[in-house]
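**Q** Sequence order for the protein chains is Z and R. Take the first sequence: its position 51, counted from the start at 1, is 51 in the working numbering, and no numbers get skipped. Take the second sequence: its position 124, counted from the start at 1, is 1124 in the working numbering, and no numbers get skipped.
Hints were generated in silico from the structure; no laboratory data involved. Mixed in with the good hints, there may be bad ones.
[To be verified] Listing some non-contacts, in silico: residues in chain Z with all C-beta distances to chain R over 10 Å:
id: 1; residue: Arg40
id: 2; residue: Asp79
id: 3; residue: Met124
id: 4; residue: Ser141
id: 5; residue: Asp240
[Unchecked claim] Covered by chain Z, according to a simulated footprint, are these stretches of chain R (three or more residues, beta-carbon under 8 Å):
id: 6; region: 1191–1197
id: 7; region: 1200–1213
Think of the CB as a built atom: it goes at the ideal place given N, C-alpha and C, for glycine as much as any other residue.
What follows is the residue order along each chain.
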Amino acid sequence: MARGSPTDKDCEMTVALALRNVSKSFGAIRIAGGIELDIRENEAVGILGPNGAGKTTILGLITGTLGLDAGRIEFYGRDLQRLSTEQRCRLGIARAYQVPQPFGDMTVFENLMVGACFGAGQTMAAAQVRCLDILEACGLSSLANAHAGGLTLLNRKRLELARALATKPKILLLDEIAGGLTQHEYDELVALIRKANASGVTIVWIEHVLHALLSVVSRALVLYQGQFIADGDPRDVIRDPKVAEVYMGIETDA
Amino acid sequence: MASLDVRRSSWLTHLATAGGLVLTALLLSAALWASNDTLRLATDIFLYIALACLWNFLAGYAGLVSVGQQAYVGLGGYGLFALAAKADVPALYALPLLGCMAALLSVPIAKLLFRLRGAYFTIGSWVVAEVFHLGAILIVPLGGGSGMSLPIRAAQALGPTPHDRFVTTYLTALVLLLAVLTMIFVVLRSRMGLALTAIRDNEAAARSNGVNVDRVKLIIYVAAASATAMVGALIFIQKLRISPDAGFSVNDWTALIVFMVVIGGIGTFEGPIVGALIYFLLGETLATLGPVYLIILGAVAIAVMLIEPRGIWGFVRARWGLQLLPLSFLVRPSASKIEK
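All chains should be built: construct the whole structure from the sequences, respecting the hints.
**A** Structure follows, in structure tokens:
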């Protein structure tokens, strides 16, 4: 598997997340066939691939909501195999789902409190102070007392991202943040993601909206039939003939 | 932009707390002036409210929809009768002891039941309760299938006259109810309450936000089992007689409780209290109707589920945003108005 990325010069940097020979199938459908992947600390990586390629499944394997068939996943050198989803979150692996998963009958602020108290392991008092800052940073102050279940799609996505940040992640796994939003709407979220990355958070981002993705990531991978068929500078990757072949119809307007 | 701060109480929660204290004082004083019939009815109401709140704690918050809590009601009842008849333990001392025993016993049961998810957990909980039921029938020293009465000396230890006994049970039930409500309130207001409410709303999201769901569920299950056993013991002190069918009755200790919680409002602190009071109100006014009464009860439950699945309190809370207890977090501009 080629790992000839432009970030080779940084190879002395810490590897945050490593997938070693990771395999996963659902019946006859192979999602991952011996995947090898190193993601360095503070890197921003985009994962592309046609619908059904198994991009979301990979995130499930990393957070532990799905089990591996074979291989291992390491987070800062630590094997995640025996750790539950909640333990992985407390280690610093946060995930924002494609379809936001708010605590619908709690307020926006209380949603953030859950992330801060349990994901980041803060006391109630410390969590309250920090969550007020996150509210403001994510533009949710005016909705602090609103019930999360009644929010618009944009605000749900904002909350999903804010709650993930409240867990004090080392790595943020993002699943189609921009999907379903207008450019004006997702630009705001992209700015938040870029800010998180600038503050040291590693980003792994699945996205079909290339324009949003390319403004953040410095490396792109293309998943197809259980393998990464391309890995490198995003602008080179999307022009790769191999990628164009499996990925017909992709908008390269970026 | 004005800075924000977080409040948990409001004028309404202060008012509700004051009201609660006045009501508690009034109920305590009832021991001095109420008639035997009133005390007896009030004791029943207290014990049913306690059961409803505990079941709601399990099902409404922790997502553990158990239909086997009668296992712990019967366990408490039988435990109390056994301790009184075989070891001469005074009934009131037996209560905390039974609470501890039920807590210990509930741990292996939880380990077993938690392997089952959703509907399978529910069915499993009922199976466990039936095992307890059948077990009680087989214990000949405790009367086997026909049950046993509380020994007269144990009953007399509660008070020399029937009135004294009613007063003792009434006060014990009131204290137990207050203890149950306080426990639930303290848990809901704590960090664990935040975890529980998150589990209630979205268990998968709670896990992926670092909540140790299994541990929280275990703690809640054990606490509910322990308190349910103590309530069960008091129920049968009041009845003076226990049998396997009465002690482990799924109708009396689960079906009616579910009715109360559902019409009152599942997943809210106040809902089960409202539901239990409505049940007794209907019971006192319609009980003379016989079987028609049960049909009306069923119709009420179906109507509530169709019209307002959140129950009466769920509706009130959503409609007027009422929060009587300082359990939520309210963010508002800070009074100091510091400009950023």
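**Q** A separate judgement is required for each hint: does it hold in the structure or not?
**A** Hint by hint, here is what the structure shows:
1. Arg40: holds (24 Å)
2. Asp79: holds (19 Å)
3. Met124: violated (6 Å)
4. Ser141: violated (6 Å)
5. Asp240: holds (33 Å)
6. 1191–1197: holds (count 4)
7. 1200–1213: holds (count 13)
When held up to the earlier numbered hints, the structure conflicts with 3, 4 and fits the remainder.
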